[in-house]
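K.L.:
As a plain string of letters, each chain reads:
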Amino acid sequence: MTIWMAVIGAGIGCYLLKVAGLSMPPSVLEHPVVERVADLIPVALLAALVAVQVFATGSSLAVDARLAGLATALVLLLLRAPFLVVVFGAALVAALIRLWT
Amino acid sequence: MVRDSLGVGLATGLYGASFGAVAVGSGLSVAQTCVLSLVMFTGASQFALVGVLAGGGTPLASAMAALLLGSRNTLYGLRIGPLLGWRGSRRLAVAQLVIDESTAMSLTRPDRSLARVGFLTTGLSIFVLWNLFTLVGAVAGEALGDPESYGLDAAVGAAFLGLLWPRLTDPVNRGVALAAAALALALVPVTSPGIPVLAAGGVALLVGSRSRHVDPTELPEARR
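These protein sequence lines map, in sequence, to chains A and B.
Per the numbering used here, residue 48 is the first one in the first sequence, and the count goes up by one each step.
Per the numbering used here, residue 1235 is the first one in the second sequence, and the count goes up by one each step.
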């Protein structure tokens, strides 16, 4: 599978997931297990993505400027900064640390 | 209400610039980045796809992660479908606009016509601006060159934390988030890139199917 296939395939798949939601009867939500799992999937995936993005380099784990970027993001989120400020604030701190070390 | 929706549209659209810059920094071309925003059009899935690729994951693993995250839009559609009441070809046309923000801006409306106005103004303004700023961010990111010296790799982790943040108010969610992060890190040295993130989805499956606690669907709040 190439990057283009992933982009187009997953893109169309995500659109079909939206269509499915609008088209299915709402009674699907009456299954509590379906609802709980569907609710928890984004939590688990996003948390894993945070961890892997910050600590993994290929198949090894490392602590570097990315962790300082994440800490910056955490502080900015606690200060209720807008999303764009959180993202670029983290990038700025990581870039400065790399510049000085 | 239209002004509220346009405000949400502007704030969200602008952060398309961060997606554009991050995607190009992760190795996608400007064209691939823009096609993602047009066809996929759901922020968390788009960041997941480029994040997994940037970490060395296969295109297949990146597509799986994007689809798993895209499944929450199915949940939103189930909630707002009866409220909006569109059928046939019109339903197929508006489906692309089912995302966190448009769901948030239509659910709280008292009747169908106001819900439709909230949904369409939010969804359409985000669609236009998100795609426009994706292009701006991608072109700027390509002009900047080496993504690491600008900290763009750190920006991806921050973006995921920002997307996760509103969901962490619930204690069960916090537990699931910690367990998923720990499992993913434990798997990094022993599996190929991309797999740890997909495996972490298993935590959601396990906790969701085991717990007896009644958890109301978490609906997204409009981003500031």
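Don't read these hints as lab results, they were simulated from the structure.
None of the values given here were measured: they were computed from a predicted structure.
It is possible that some hints are incorrect.
Label pairs and their in silico Cβ distance ranges [to be verified]:
id : chain 1 : residue 1 : chain 2 : residue 2 : range
1  : B       : P1400     : A       : V81       : 36 to 42 angstroms
2  : A       : V80       : B       : D1380     : 42 to 48 angstroms
3  : A       : S107      : B       : D1404     : 29 to 35 angstroms
4  : B       : S1323     : A       : R127      : 29 to 35 angstroms
Where chain A lies over chain B, by a calculated footprint (3+ residues, C-beta under 8 angstroms) [stated by the list, open to error]:
id : region
5  : 1323-1334
6  : 1338-1349
7  : 1366-1379
Beyond 12 angstroms from chain A on every Cβ pair, some chain B residues (computed) [claimed, not checked]:
id : residue
8  : M1235
9  : V1236
10 : R1237
11 : L1240
12 : D1387
13 : L1412
14 : L1439
Glycine included, each C-beta is placed from N, C-alpha and C at the ideal position.
K.L.:
Against each hint, give a clear statement of whether it holds in the structure.
P.N.:
Hints and how they fare:
Roughly 22 angstroms separates the CB atoms of B/P1400 and A/V81, a value that falls outside the hinted 36 to 42 angstroms. Distance hint check: the CB atoms of A/V80 and B/D1380 are about 47 angstroms apart, consistent with the given range 42 to 48 angstroms. With their beta carbons about 33 angstroms apart, A/S107 and B/D1404 fall inside the hinted range of 29 to 35 angstroms. Take B/S1323 and A/R127: their Cβ atoms lie about 41 angstroms apart, and the range 29 to 35 angstroms is violated.
With 6 residues having a Cβ less than 8 angstroms from any Cβ of chain A, the region 1323-1334 of chain B passes the three-residue criterion, so the hint holds. Counting residues of the region 1338-1349 of chain B whose beta carbon lies closer than 8 angstroms to any beta carbon of chain A gives 0, which falls below the threshold of three, so the coverage claim is violated. Coverage of the region 1366-1379 of chain B by chain A is violated. Counting CB-CB distances below 8 angstroms, 0 residues qualify, and the rule asks for three or more. The beta carbon of B/M1235 sits about 21 angstroms from the closest Cβ of chain A, which is more than 12 angstroms, so the claim that it is off the interface holds.
No beta-carbon of chain A is positioned within 12 angstroms of the beta-carbon of B/V1236; the least distance is around 21 angstroms. Its beta-carbon lying about 18 angstroms from the closest one in chain A, B/R1237 satisfies the requirement of being farther than 12 angstroms from that chain. The claim that B/L1240 is not at the interface with chain A holds, since no C-beta of that chain comes within 12 angstroms of its own (minimum 16 angstroms). The Cβ of B/D1387 does not lie farther than 12 angstroms from every Cβ of chain A; its closest approach is about 6 angstroms, which violates its non-interface assignment.
A cut-off of 12 angstroms between C-beta atoms contradicts the statement that B/L1412 is not in contact with chain A; the least separation is 7 angstroms. Non-interface status of B/L1439 relative to chain A is broken: a Cβ of that chain comes within 12 angstroms, the nearest being about 6 angstroms off.
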